[in-house]
Amino acid sequence: MASQNINLFQTKTTVQPVLAFFDQYVKIAAVVLLAIVFSGGVIVGVAFTVFGNQRDAMERDKQQLLALVKDNVTKESLILMIRNRLVAVDVIMASQVSYAPFVDTTIKIIQSFPLSSFSMGAKNSVSIAVNVTSLTEAVEVLKTLMEMEQKNEIAYPMLQSFSLDEKKIQIGLSYTVVL
Amino acid sequence: MKLNIQRVIRFHKTMVVYSTLLTVGLISLFAGLVPAIGKSIALINDLRTMQEEIAGIQKKATMLQSVDLLELEQTARDVLAGVPPDKSVSTLLSTIEAVATKYNLYISDMSIEGIASLAKDSAKPVTKPEGNILTEGISLQGELIQLRNFLTECVRVRRLMRVKDMVITSMPKSNLITAKLTIEVFYLPLPQTIGKISDALDPFSQKELATIEKIKSYPIMYDSEIMPISPQETPALGDIPTEPAVADPFSAPSIETVVPTSSPTPSPLLSPTASPTATIKAPTPSPF
Numbered sequence: 174m175a176s177q178n179i180n181l182f183q184t185k186t187t188v189q190p191v192l193a194f195f196d197q198y199v200k201i202a203a204v205v206l207l208a209i210v211f212s213g214g215v216i217v218g219v220a221f222t223v224f225g226n227q228r229d230a231m232e233r234d235k236q237q238l239l240a241l242v243k244d245n246v247t248k249e250s251l252i253l254m255i256r257n258r259l260v261a262v263d264v265i266m267a268s269q270v271s272y273a274p275f276v277d278t279t280i281k282i283i284q285s286f287p288l289s290s291f292s293m294g295a296k297n298s299v300s301i302a303v304n305v306t307s308l309t310e311a312v313e314v315l316k317t318l319m320e321m322e323q324k325n326e327i328a329y330p331m332l333q334s335f336s337l338d339e340k341k342i343q344i345g346l347s348y349t350v351v352l
Numbered sequence: 573m574k575l576n577i578q579r580v581i582r583f584h585k586t587m588v589v590y591s592t593l594l595t596v597g598l599i600s601l602f603a604g605l606v607p608a609i610g611k612s613i614a615l616i617n618d619l620r621t622m623q624e625e626i627a628g629i630q631k632k633a634t635m636l637q638s639v640d641l642l643e644l645e646q647t648a649r650d651v652l653a654g655v656p657p658d659k660s661v662s663t664l665l666s667t668i669e670a671v672a673t674k675y676n677l678y679i680s681d682m683s684i685e686g687i688a689s690l691a692k693d694s695a696k697p698v699t700k701p702e703g704n705i706l707t708e709g710i711s712l713q714g715e716l717i718q719l720r721n722f723l724t725e726c727v728r729v730r731r732l733m734r735v736k737d738m739v740i741t742s743m744p745k746s747n748l749i750t751a752k753l754t755i756e757v758f759y760l761p762l763p764q765t766i767g768k769i770s771d772a773l774d775p776f777s778q779k780e781l782a783t784i785e786k787i788k789s790y791p792i793m794y795d796s797e798i799m800p801i802s803p804q805e806t807p808a809l810g811d812i813p814t815e816p817a818v819a820d821p822f823s824a825p826s827i828e829t830v831v832p833t834s835s836p837t838p839s840p841l842l843s844p845t846a847s848p849t850a851t852i853k854a855p856t857p858s859p860f
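So the sequence lines, in the order shown, correspond to chains Z and S. If you count by this note's numbering, then the first sequence holds residues 174 to 352, one letter each, in order. If you count by this note's numbering, then the second sequence holds residues 573 to 860, one letter each, in order.
If you are wondering where the hints come from, they were derived from the structure by calculation, not from laboratory data. All residues carry an ideal CB built from backbone N, CA and C; glycine is no exception. Be aware that one or more of the hints could be misleading.
Calculated from the model, a selection of chain S residues having no Cβ within reach of chain Z, i.e. all distances over 12 Å [claimed, not checked]:
id, residue
1, ILE577
2, GLU625
3, GLY654
4, SER662
5, ALA670
6, ASN676
7, ASP681
8, GLY686
9, THR754
10, LYS786
11, ILE792
12, MET793
With a straight-line cut-off of 25 Å between C-alpha atoms, the simulated BS3-like cross-links for lysine-lysine are [what the hints assert, rightly or not]:
id, chain 1, residue 1, chain 2, residue 2
13, S, LYS788, Z, LYS281
14, Z, LYS281, Z, LYS235
15, Z, LYS324, Z, LYS281
16, S, LYS752, Z, LYS281
17, S, LYS674, S, LYS779
18, Z, LYS340, S, LYS745
19, Z, LYS296, S, LYS788
20, Z, LYS281, S, LYS745
Label pairs and their computed distance ranges (CB to CB) [what the hints assert, rightly or not]:
id, chain 1, residue 1, chain 2, residue 2, range
21, S, GLU643, Z, ILE280, 39 to 45 Å
22, Z, GLU320, S, ILE717, 38 to 44 Å
23, Z, VAL260, S, ALA627, 23 to 29 Å
24, S, PRO744, Z, PHE335, 17 to 23 Å
25, S, ASP640, Z, VAL351, 43 to 49 Å
26, S, GLU643, Z, LEU352, 24 to 30 Å
27, S, GLU785, Z, ASP234, 21 to 27 Å
28, Z, GLY294, S, MET743, 54 to 60 Å
29, Z, GLN236, S, LYS674, 44 to 50 Å
30, Z, ARG256, S, ILE599, 56 to 62 Å
31, S, ASP640, Z, GLY225, 20 to 26 Å
32, Z, ALA267, S, PRO607, 18 to 24 Å
33, Z, GLY225, S, ALA603, 18 to 24 Å
34, Z, VAL351, S, GLU785, 28 to 34 Å
Full structure from sequences and hints, please.
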């Protein structure tokens, strides 16, 4: 005998095709993602622990070395002080010029005649005044000057002044010493 | 509506569970794993930096341990004798006088410009690479050849100096000359800091060693030690000597201080009438 009841519910659940499509991908995605998160978490955790320990060990080493450097701070300050001063010493030594060659050149020019005055000018130029007693001596001084110019010991020789009085002759000369 | 949702959940139970897991996974990924990876990378970089830093400090520590303290102190003395930390007028006068005496030159006049503050030069900024400059005017009397020897020697002594200008005039009725020299001497305050403890420190280069050897070869012409250095006195961080290294005879910045006339500088054969005096000139106060 046929049942008199009417079943209002569907006897079989029908899944919408779109949802069924997403369902399989969601499953795969969830499993893959969880696997990645878990394994990644483990790897990062291990790495963090290892590197953390390494950092602690290095930090200890660093502190020991810093203590060693601190113990030698006297040496360090001395080295820095010396180095700082050596820069200045280098500059000073490079700028130290002996005036002896200028005097040597002058002695050579004036020979045994008395020097009246000597002054330094710019770019190794020198001005001198020499006293002689006769014109012959004056010529001798000028001759020496020209010879030195030819030997390239001096440059730009110039007779700046020539004065003659009863007692002496004074010659004013200027030249540039070739160093 | 509520029944509808319950029905959907019941029908798609598996999908709901996996969706929830996916959401949790995504949150864990972006909130936990990605920052943790970032921190790990930063940690690795830190380690690398620290490794380099430790290598530098190791090198510095090894270098410092290999250096002999006594030798360093001697080098410091040698260099400080060339360029003292303060004006050290006594060593300047002493050196000039000693070189002049060596060549039988007579010092007839001596003046120092800008002598005012004798101490506490560490506070003064150094503007030139050669340090601070003190200018001294000096008049020497003697023969030209003696002057020539003086000029050769004065740039080969500690303390270091250079002749800036020279004018020679002859003395009447004699073969002697008077040379007026302008001499520059140098001083350089001690460094105030030594930098960070982890800063690199290289040993002296060949050029620096050559300079040290050169300055060591220059004779010290004055008697007293310019600045005795011991480990206790070595300036460290913030430890700067505030007193001059050498007790200068000029205790105050006086306007005109006359040095006693009993100068050990010998007179030339034809002695001039003027007695040897050294005049210390204070700088003219600025009107501003």
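Hints versus structure:
1. ILE577: Check passes; 14 Å lies beyond 12 Å.
2. GLU625: Answer for GLU625 of chain S: violated, closest chain Z Cβ roughly 7 Å.
3. GLY654: Given a closest Cβ separation of 6 Å, the condition is violated.
4. SER662: Check passes; 20 Å lies beyond 12 Å.
5. ALA670: 18 Å, holds
6. ASN676: Holds, since 16 Å exceeds 12 Å.
7. ASP681: 18 Å, holds
8. GLY686: Correct as stated: the minimum Cβ-Cβ distance to chain Z is 18 Å, above 12 Å.
9. THR754: 10 Å, violated
10. LYS786: At about 7 Å from chain Z, LYS786 of chain S fails to clear the 12 Å cut-off, so the statement is violated.
11. ILE792: 15 Å, holds
12. MET793: 15 Å, holds
13. S:LYS788 to Z:LYS281: 34 Å, violated
14. Z:LYS281 to Z:LYS235: It is violated: about 68 Å lies between the C-alpha atoms, which goes past 25 Å.
15. Z:LYS324 to Z:LYS281: The given pair, whose Cα atoms are some 13 Å apart, holds under the 25 Å limit.
16. S:LYS752 to Z:LYS281: Holds, because 21 Å separates the two Cα atoms, which is no more than 25 Å.
17. S:LYS674 to S:LYS779: 32 Å, violated
18. Z:LYS340 to S:LYS745: 13 Å, holds
19. Z:LYS296 to S:LYS788: 31 Å, violated
20. Z:LYS281 to S:LYS745: 22 Å, holds
21. S:GLU643 to Z:ILE280: 39 to 45 Å: This hint holds: roughly 44 Å between Cβ atoms.
22. Z:GLU320 to S:ILE717: 38 to 44 Å: 21 Å, violated
23. Z:VAL260 to S:ALA627: 23 to 29 Å: 27 Å, holds
24. S:PRO744 to Z:PHE335: 17 to 23 Å: 21 Å, holds
25. S:ASP640 to Z:VAL351: 43 to 49 Å: 46 Å, holds
26. S:GLU643 to Z:LEU352: 24 to 30 Å: Roughly 37 Å apart at Cβ, these two residues miss the hinted range, so it is violated.
27. S:GLU785 to Z:ASP234: 21 to 27 Å: At 37 Å between Cβs, range violated.
28. Z:GLY294 to S:MET743: 54 to 60 Å: 23 Å, violated
29. Z:GLN236 to S:LYS674: 44 to 50 Å: 56 Å, violated
30. Z:ARG256 to S:ILE599: 56 to 62 Å: 58 Å, holds
31. S:ASP640 to Z:GLY225: 20 to 26 Å: 41 Å Cβ-Cβ, so the 20 to 26 Å window is violated.
32. Z:ALA267 to S:PRO607: 18 to 24 Å: 59 Å, violated
33. Z:GLY225 to S:ALA603: 18 to 24 Å: 21 Å, holds
34. Z:VAL351 to S:GLU785: 28 to 34 Å: Between VAL351 of chain Z and GLU785 of chain S, where Cβ atoms are some 30 Å apart, the hint holds.
Hint violations for this structure: numbers 2, 3, 9, 10, 13, 14, 17, 19, 22, 26, 27, 28, 29, 31 and 32, all remaining hints satisfied.
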